[in-house]
Amino acid sequence: MSARTLPLLFLNLGGEMLYILDQRLRAQSIPGEKARKDEWTDVDRKRVMNDIITTMFNKKFMEELFKPQELYSKKALRTVYDRLAHASIMRLNQASMDKLYDLMTMAFKYQVLLCPRPKDILLVTFNHLDTIKDFISDSPGILNQVDETLRQLIETYSCLSAGEFQLIRQTLLLFFQDMHIRVSIFLKDKVQNSNGRFVLPISGPVPWGTEVPGLIRVFNHNGDEVKRTEFTTDGNYVTPQREGSFDLYGDRVLKLGTNMYSVSRPVETHMSGSSKNLASHAKENVVPNPLAKEEMNFLARLLGVLDVKTPGGSETRFRLNLFTTDEEEEHAALTRPEELSYKVINIEATQEPGRRAELSRILGELEVAEPRPASSGKGEDLLALMDGL
Amino acid sequence: MYRKEKSIQLKSSSAALYNNLSVLRPPGRQLAAFSAVHGPSVNVTVPSLEGREGFCPVFPLTGVLLSCLSFQAAWCVLPSRVLLVLTSQKGIQMYESDGSIMVYWHALDVMEHPPGQTVFARGIAAAGGRFICVGTSSGLVLVFDIPPKGTNITVSEVLEQHRDAITDIAAELGQAPDGAGDLVTADDAGALCVWSSGEEFTLLSKIPAFGCTCSSVKLWNGVVAAGYGNGQILLYEAATGLLRAEVNAHARWIYALDLAPETGKLLSGAEDSFVHVWKISRNPDTDDVEIEHCHAECVTDTQVCGARFCDPEGNSFAVTGYDLSEIFRYGRV
Numbered sequence: 005m006s007a008r009t010l011p012l013l014f015l016n017l018g019g020e021m022l023y024i025l026d027q028r029l030r031a032q033s034i035p036g037e038k039a040r041k042d043e044w045t046d047v048d049r050k051r052v053m054n055d056i057i058t059t060m061f062n063k064k065f066m067e068e069l070f071k072p073q074e075l076y077s078k079k080a081l082r083t084v085y086d087r088l089a090h091a092s093i094m095r096l097n098q099a100s101m102d103k104l105y106d107l108m109t110m111a112f113k114y115q116v117l118l119c120p121r122p123k124d125i126l127l128v129t130f131n132h133l134d135t136i137k138d139f140i141s142d143s144p145g146i147l148n149q150v151d152e153t154l155r156q157l158i159e160t161y162s163c164l165s166a167g168e169f170q171l172i173r174q175t176l177l178l179f180f181q182d183m184h185i186r187v188s189i190f191l192k193d194k195v196q197n198s199n200g201r202f203v204l205p206i207s208g209p210v211p212w213g214t215e216v217p218g219l220i221r222v223f224n225h226n227g228d229e230v231k232r233t234e235f236t237t238d239g240n241y242v243t244p245q246r247e248g249s250f251d252l253y254g255d256r257v258l259k260l261g262t263n264m265y266s267v268s269r270p271v272e273t274h275m276s277g278s279s280k281n282l283a284s285h286a287k288e289n290v291v292p293n294p295l296a297k298e299e300m301n302f303l304a305r306l307l308g309v310l311d312v313k314t315p316g317g318s319e320t321r322f323r324l325n326l327f328t329t330d331e332e333e334e335h336a337a338l339t340r341p342e343e344l345s346y347k348v349i350n351i352e353a354t355q356e357p358g359r360r361a362e363l364s365r366i367l368g369e370l371e372v373a374e375p376r377p378a379s380s381g382k383g384e385d386l387l388a389l390m391d392g393l
Numbered sequence: 249m250y251r252k253e254k255s256i257q258l259k260s261s262s263a264a265l266y267n268n269l270s271v272l273r274p275p276g277r278q279l280a281a282f283s284a285v286h287g288p289s290v291n292v293t294v295p296s297l298e299g300r301e302g303f304c305p306v307f308p309l310t311g312v313l314l315s316c317l318s319f320q321a322a323w324c325v326l327p328s329r330v331l332l333v334l335t336s337q338k339g340i341q342m343y344e345s346d347g348s349i350m351v352y353w354h355a356l357d358v359m360e361h362p363p364g365q366t367v368f369a370r371g372i373a374a375a376g377g378r379f380i381c382v383g384t385s386s387g388l389v390l391v392f393d394i395p396p397k398g399t400n401i402t403v404s405e406v407l408e409q410h411r412d413a414i415t416d417i418a419a420e421l422g423q424a425p426d427g428a429g430d431l432v433t434a435d436d437a438g439a440l441c442v443w444s445s446g447e448e449f450t451l452l453s454k455i456p457a458f459g460c461t462c463s464s465v466k467l468w469n470g471v472v473a474a475g476y477g478n479g480q481i482l483l484y485e486a487a488t489g490l491l492r493a494e495v496n497a498h499a500r501w502i503y504a505l506d507l508a509p510e511t512g513k514l515l516s517g518a519e520d521s522f523v524h525v526w527k528i529s530r531n532p533d534t535d536d537v538e539i540e541h542c543h544a545e546c547v548t549d550t551q552v553c554g555a556r557f558c559d560p561e562g563n564s565f566a567v568t569g570y571d572l573s574e575i576f577r578y579g580r581v
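Top line first, the protein sequences correspond to chains P and R.
In this text, residue positions in the first sequence follow my numbering: the first is 5, and each later residue adds one.
In this text, residue positions in the second sequence follow my numbering: the first is 249, and each later residue adds one.
Because the hints were derived from the structure by calculation, they are not lab data.
Where is the CB? At the ideal position from N, CA and C, for every residue including glycine.
Honestly, I wouldn't trust all of these hints.
Chain R stretches covered by chain P per the calculated footprint, using a threshold of three residues with CB under 8 Å from any CB of chain P [stated by the list, open to error]:
no., region
1, 260-271
2, 391-403
3, 411-419
4, 485-492
5, 509-522
6, 539-553
Example chain P residues on the side facing chain R (calculated, C-beta under 8 Å, incomplete) [said to hold, decoys possible]:
no., residue
7, Ser198
8, Arg201
9, Val210
10, Leu219
11, Val222
12, Thr233
13, Asp238
14, Tyr241
15, Val242
16, Thr243
17, Gln245
18, Glu247
19, Ser249
Okay, chain R solo, but in the shape it has when bound (with noise of 0.2 Å):
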């Protein structure tokens, strides 16, 4: 079904961490832009002008971080413009999309922390078309709203329902039903709470932890697909909570999952090598939600911390892996 292409050679290896792969395809461009975090820098590759792939290589953080480990990086796509956020153990800085100039950043409060434990910003999206969500690990999550342009960006509110250190938020990609809200977030424990975006956030449902990290999680026309700790997706209603699907997915820890939205395919990957491809749909008669295993890729010998499609119908993706040094791609036959 899927087929190996061509790699993407990067400057340095990724790290261990979660979802350590963006992709930025723009409207009507055939090529991606691909983000992943090595380490003290990120590595960006961007389509060089005539239209090859050259690579940007290490990007690194500027100015502020030099002292600093970052956890993930992400593009952020909102109706009038693209930023590329990055977060690390100081704090959150945004870049225009093509990483040239850093637009905004906001420090990390070390004082509401206990001493000891590790401070650092992990969990990025676009919300409502006109905020970015941040998560922190005292279990915040920072609403930022972003103007049309400029840099006049400001914290709008400060989410706080959950514990645990935020592993990921997710925007809704496809179309949300009544009452289903458009924003979700996961956290440590592997508690996730769907919300509904603007002015003022609003919290729809709480979906409890069970005792497994929710490492990844993603909203497609309101269900809730989340990655977990022990290799499993679970499928949720995001208006009600409710547990719709239990997938025995992976023998080891998730790190990633991605969402098509246009055919609602979810690719997963995890430390076990393996990366997933699935569908869900629902059934219009009983209104079930339903997952079907599609095609099945095994990474020899390496720990996938990162997996994207690269289109909106998931006919094409990229996988990153731990010290690798090079992006895996792979496309529909």
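Okay, chain P solo, but in the shape it has when bound (with noise of 0.2 Å):
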């Protein structure tokens, strides 16, 4: 489908990420003066935001991004943001790492689908970068590699059209098929229903561009209006007030993308007790890609560039929980379906350039699209090769 879709894609799961984090991270901070040595201070907060963000931002791999190139299988998109989230001093158990990845999915996933026109898409990333420089606003270092990036998109999107926006658009809904994870507070925003539907509505604004439906008009031989019937149905539109901003600065107006979460507005979502339409058709919508070598690739040169801040010994990475307790993230681990396991296979960096290569080329060896049961001896092998690197 469109190859300009991954940026997109990329950029607004990155950004819904950040708000999961930083919500969480709030929620488990304790005041500096009386955090224990394994507790969350606002400092710590600060300085995870700020390492994910630079990561992210990062000159050579938005150059890489911006490439125009096919769409990542989930499982690939998600061994990116297992990188990211722990390009830090912060650290998820594989449990955490799911949840946080099913609720970035099922958010941006509500959020394409809700988009009045295909183009605002652009709109609901922007409210996501908008947001980003919000979370660095006393950086002005990394401030700059996000408007660098704001500039990127602008110069990337600005000139495609509807149809290619439509496109763009089709290709990511083809990404979120048959994703129907329950996300706890859009179930009580009743923006989803209990079988893991979003709601549609038939009210509101109309897109811009387009006219509140009802109206017929005829017109004679010679283009002169002769007619003129309505027509009503159950739906309640209105005109939109304006247009929202494509600029670098500038009002969206449109709300999707911002930030919908704070510490009083948890998250959760729902793995057990799911409807059977969970379970089957949670398959990966994707075909085998017999190019997932150069997915890996892509990786491997990502692992390369990141300027990976290795923890010496003299600093501990915390652990942040995505869940309530530890007991709930155990037990989330050991009753999530099998048809939902991400399979991700964890990678140790490392620094050495001889190393490096040997990393490339085994990493080139590595089916990621073939989902393997985990017990397989080749996976384990290399696996165990990886840790001893």
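These two chains come separately, so use the hints to put the complex back together.
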């Protein structure tokens, strides 16, 4: 499908990830003086956010991202976010990482579905980036990186036609097809049904450039209007007030893509007691990709580019839990349905150039797209090999 | 006017693609066959031999196209045979109507596209009792000459009038008045071309784009019905390209149009969850083209991506939606 979809997918999912991490870090944060060595403080939170955002908007990474290319599979993309989430002193257990990825993807799926015009996906992206800029408002260096990405977005997408934007939207919808994970905050706000499907409103402002339905006009062979009739439906639409801004700065008007989380509105996903639709239709909706190797090579390059702050002996990695208690997290890990497992391969970063070439070669032989049972001998050997690097 | 009937269950969900439903009703048979694109595969349901509706589950693309996404599946009815045509990012496949044997494969020329641009085929129609026309992402319309039987299918012509990706192609479903042509092609920019089919296709009129994608198009008795991304349905005279009617039909992007040739009923489905039934007619005194609204159906929480009448009078219709693993059906009360 559209070869220009990946930047939008990556940036919006990344934005949602940052919203969730920010909310969880705030929820678990303890005032500096009172915090024990293993507890989060505000300073830690700001550092984690800074580190992740710096990594995400790395110049070389962005250059690679904006090249026309096919979308990654869900598994391959999940691996990239796994690395991103671990770009700082924070670490997440598999269960928390799974939950984080579920939340990110369902949130963006919702935004793509409800976008009035396909072009408005750009406004959603701008909303994410605007909020990211608020997270790092006191770091001019990183702010500059984000602004650069904004400029690149404007340059790449401003000239696309509505038809091309619709193709991008269709590509995104293909990526999200058959995902129906229920998110507590969506269920509470009644934007998602208990079967996991989103509520599509039939009222409110029509997209910019669309007329409110109802009018039929008939013209004669001279082009003069000769008849006018109206029809009614259950829909209750109104004319929109103004169009959102597609500039570097401006009022985006659209609320989709802004931060809906806060400390008082925590997020949870429901995995148990899912409808049978969830289990049977959660398969990867992409074809086995013979170019999976290429995806892993990109990832390997990403690892080489990242200035990963490998924690030394003195620096502890703090664990962030996306669940309310450790027991909940453990339970979630045990009860996650097999079909929804991401089977992520954990890769340790290494700085030695010689090792990096070896790593690329090994990664080149891996097939991420084909789901393999975790107990396959070959898979375990490779993992063991990488652990030893 | 219409009420919901029993749905058909699909093996997998439907993708958000234009005109994502095709219906085949062989003459004399009550039951219809349906096809809808899932993504890397196409769902085809055929009535079982006993007359009950069983379904032939997920119909995978064979051989060459393993790593490929489909864009459209449609049955093409010609006097001597019916073919099931599948388009994708790699090319065009033609099968016998039950999907059992592939009779033809045409690979798309990747070279003729600028790098980075998506390559695909989209827009399928049988024309002139002899041809099958398929559109491409570069704006070309390939005309295939189909023999009454066998696999000796050839490209008889390539029509080069569109500059943007083809979205839909439609053949005349009724009786074309003189000079009105029998084929209309539509593209991503919203431009429409009306053609006369034959050994050599002739361009009769061109309706310029006005800044909105035309995602679906139909041709009936010399009237072009076009559905647009801004939710409007426009009716034009095929012979002259003159605009005859404008309907603010939907609140969001139209994905599918269909027409019942015996009555002039028009069906439209869009992202706004609505399916509308309209009636097109020609005023015998003024010769004006008229359109009236007949019925509105809200497919709750669904972005409609395919809509087709199941009979030539328009007494029943079927609907597919993004992420839905069933085909909704409605019939006249």
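Going down the list of hints, with the structure as the test:
1. Counting residues of the region 260-271 of chain R whose CB lies closer than 8 Å to any CB of chain P gives 5, so the stated coverage by that chain holds, three being the minimum.
2. Here's how the region 391-403 of chain R fares: 0 of its residues keep a CB closer than 8 Å to some CB of chain P, so the rule of at least three is not met and the hint is violated.
3. Only residues whose beta carbon comes within less than 8 Å of a beta carbon in chain P count, and the region 411-419 of chain R has 3; three or more means the coverage holds.
4. Counting residues of the region 485-492 of chain R whose CB falls under 8 Å from any CB of chain P gives 4; the rule of at least 3 is met.
5. As drawn, the region 509-522 of chain R meets chain P at 3 residues by the rule of a beta-carbon pair under 8 Å; at three or more, the given contact holds.
6. By the rule of at least three residues with a Cβ nearer than 8 Å to a Cβ of chain P, the coverage given for the region 539-553 of chain R holds, with 9 such residues.
7. The beta carbon of Ser198 of chain P comes no nearer than 12 Å to any beta carbon in chain R, farther than 8 Å, and the hint placing it at the interface is violated.
8. The restraint placing Arg201 of chain P at the interface with chain R holds, with a minimum CB-CB distance near 6 Å, inside the 8 Å limit.
9. Among the interface hints, the one on Val210 of chain P holds; its C-beta lies about 5 Å from the nearest C-beta in chain R, closer than the 8 Å criterion.
10. Restraint check, Leu219 of chain P versus chain R: the minimum CB separation of about 5 Å is within 8 Å; hint holds.
11. The interface hint given for Val222 of chain P holds, since its Cβ lies 5 Å from the closest Cβ of chain R, which is under the 8 Å cut-off.
12. At a threshold of 8 Å, the smallest CB-CB gap from Thr233 of chain P to chain R is about 7 Å, leaving the interface hint in force.
13. The beta carbon of Asp238 of chain P is positioned within 8 Å of a beta carbon in chain R (closest approach about 6 Å), and the interface hint is therefore held.
14. The interface hint given for Tyr241 of chain P holds, since its Cβ lies 5 Å from the closest Cβ of chain R, which is under the 8 Å cut-off.
15. Hint status for Val242 of chain P relative to chain R: violated, with the closest Cβ pair at about 10 Å, above 8 Å.
16. At a threshold of 8 Å, the smallest CB-CB gap from Thr243 of chain P to chain R is about 11 Å, leaving the interface hint violated.
17. This hint is violated: Gln245 of chain P has a C-beta 16 Å from the nearest C-beta of chain R, more than the 8 Å allowed.
18. For Glu247 of chain P, the interface hint is violated, since its Cβ never comes within 8 Å of a Cβ in chain R; the closest pair sits about 14 Å apart.
19. Proximity of Ser249 of chain P to chain R is violated relative to the hint, the smallest CB-CB distance being about 20 Å (cut-off 8 Å).
Consistency note: the structure conflicts with the earlier hints numbered 2, 7, 15, 16, 17, 18, 19.
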